[in-house]
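Chemist: Chains as they are written, first to last, in our numbering: chain A, 1 to 224; chain B, 225 to 448.
Since the hints were derived computationally from the structure, they do not count as laboratory data. Quantities reported herein were computed from a predicted structural model and do not represent experimental measurements. Warning: the hint list may mix true and false statements.
Claimed, not checked - Here are the simulated SDA-like pairs of lysine to any residue, each with C-alpha atoms no more than 25 Å apart in a straight line:
1) 3(A) to 288(B)
2) 248(B) to 338(B)
3) 24(A) to 48(A)
4) 51(A) to 415(B)
5) 275(B) to 64(A)
6) 51(A) to 34(A)
7) 275(B) to 259(B)
8) 3(A) to 117(A)
9) 227(B) to 64(A)
Unchecked claim - One-sided excerpt, in silico: chain A residues whose CB lies under 8 Å from chain B:
10) 96
11) 104
12) 108
13) 141
14) 143
15) 182
16) 207
17) 213
From the three backbone atoms N, C-alpha and C, an ideal C-beta is built for every residue, glycine too.
2 protein chains.
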Amino acid sequence: MKKAVILLSGGLDSATCLAIAKSKGFELYCMSFDYGQRHNAELEAAARLAKSMGAVEHRIVNIDLAAFGGSALTDKRIAVPTGGVKDDAIPVTYVPARNTILLSYALAWAEVLGASDIFIGVNSVDYSGYPDCRPEFISSFQVMARLATRAGVEGAPMHIHTPLIFLTKAQIIERGVALGVDYGMTVSCYQADDQGRACGVCDSCRLRKSGFEAAGVPDPTHYR
Amino acid sequence: MKKAVILLSGGLDSATCLAIAKSKGFELYCMSFDYGQRHNAELEAAARLAKSMGAVEHRIVNIDLAAFGGSALTDKRIAVPTGGVKDDAIPVTYVPARNTILLSYALAWAEVLGASDIFIGVNSVDYSGYPDCRPEFISSFQVMARLATRAGVEGAPMHIHTPLIFLTKAQIIERGVALGVDYGMTVSCYQADDQGRACGVCDSCRLRKSGFEAAGVPDPTHYR
């Protein structure tokens, strides 16, 4: 079985991405990050998801993004916006260089494992305000990853899989439901409480909620 | 004054790189990493260098590369080789995806600072065994960095400076001496002791020693 490293936040997208990697027959190595999130509910969700999908290993890496500030998700002085997504600006919930850092750690682990496949649940359709969710960013990371590593010099080239990148939230949900994902186990809210209950009004909650509506799937989210 | 983030290990190359950034008139923001090195002597050297060069800030970021193992520099079960550099293999002192991870953190800090210049003292001449020291890796990282960040979308493109990349160790030393670098403050040894004294036989010591010889500069290294 080929090994794959899957970036798993505990949210709806990464849970679907994990199910897709599993359906493709990969041996699953899940990686999550504790980067000073406002809450740990999503890390607990990630652990439950990894276990339920039969992952061989689930690593939680401590990273110190909060030291840089600059995002509503890691800097407590910046409020999480609840007024809806604006079309043509990068949201304040953007974490500087986050996906670059997360993929770099995945790359390091993949290299140690001898894996040449990394899965990340980025999406450029519903939420294109983050520069590091765009397909051109992922392509450039893949080019860089092949040059950065022992594998790129000596072995199989690294492949960054983004199975959700061109799907709408509704399509992601339909895909996940078909693969048996229990979305009640996932946490997407930017300001979930200690029990993982969602606020229902942040950008992430709004997108998730309308995704279930558009897919015609009952919303299993635990709202507070 | 334009701000620059400088990756500073405390070794000979990064000290020279810092002096070059200073000579170009940048405001200096130094970043070092505690990644489970065998000793802390080089981090102490980095702190002294940052101070002596007038850096505005010096951040030490804790990262958990040791958790991945796979290198003689972070995994205590792998011995540091002392038999000289082999020509056509990647050395066991290679740390998986290290420069990718370090540059990603520099990118995050640069973005928060509003800086669009990052300096890294990689070198592809004397020690080309590391895949992530090659110019093609750096170029690909720069392409990726421009796509990864807010700046790449809205502002000045990120520039990754590698002023040492095509210099021999002797040329690096000549350049640094001309800029007033005190190499007695730097620590290059892969297995320095608590006082920062060098072993004299690891690959890094060998390259450094022969660099001073070739440059005709007295070697100020503290050997044990």
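Chemist: Decide, hint by hint, whether the structure agrees.
Modeler: Each hint tested on the structure:
1. For the hint linking residue 3(A) to residue 288(B), the alpha-carbon distance of about 22 Å falls within 25 Å, and the restraint holds.
2. Between the alpha carbons of residue 248(B) and residue 338(B) the distance comes to roughly 18 Å, so the proposed pair stays at or under 25 Å and holds.
3. At roughly 21 Å between alpha-carbon atoms, residue 24(A) and residue 48(A) fall within 25 Å of each other, so this suggested pair holds.
4. A threshold of 25 Å between alpha carbons decides the hint, and for residue 51(A) with residue 415(B) the separation of about 40 Å lies outside it, so the pair is violated.
5. At most 25 Å may separate the alpha-carbon atoms for a hinted pair to count; residue 275(B) and residue 64(A) meet this at roughly 23 Å.
6. Distance check on the hinted pair: residue 51(A) and residue 34(A) sit about 18 Å apart at the alpha-carbon level, within 25 Å; holds.
7. With a CA separation close to 21 Å, the supplied pair residue 275(B) and residue 259(B) stays within the 25 Å bound.
8. Simply put, residue 3(A) and residue 117(A) have alpha-carbon atoms about 7 Å apart, close enough for the 25 Å limit, and the pair holds.
9. Pair hint residue 227(B) plus residue 64(A) holds up; C-alpha atoms about 22 Å apart against a cutoff of 25 Å.
10. The interface hint given for residue 96(A) is met, as the beta carbon of that residue sits about 4 Å from the closest beta carbon of chain B, less than 8 Å.
11. At its closest, the beta carbon of residue 104(A) sits 4 Å from a beta carbon of chain B; the interface hint therefore holds under the 8 Å criterion.
12. Hint on residue 108(A) holds. Least Cβ distance to chain B is approximately 4 Å, under the 8 Å limit.
13. A least Cβ separation of about 5 Å between residue 141(A) and chain B falls short of the 8 Å threshold, and the interface hint therefore holds.
14. Evaluation of the residue 143(A) hint against chain B yields a held restraint, the C-beta minimum of about 5 Å falling below 8 Å.
15. At about 29 Å, the closest approach between the beta carbon of residue 182(A) and any beta carbon in chain B exceeds 8 Å, and the interface hint on this residue is violated.
16. Contact between residue 207(A) and chain B, as hinted, is not supported at the beta carbon level, the nearest pair being about 20 Å apart and thus beyond 8 Å.
17. Against a cut-off of 8 Å between C-beta atoms, the interface hint on residue 213(A) is violated, since the closest Cβ of chain B lies about 30 Å away.
Taken one by one, the earlier hints fail for this structure at numbers 4, 15, 16, 17, listed in ascending order.
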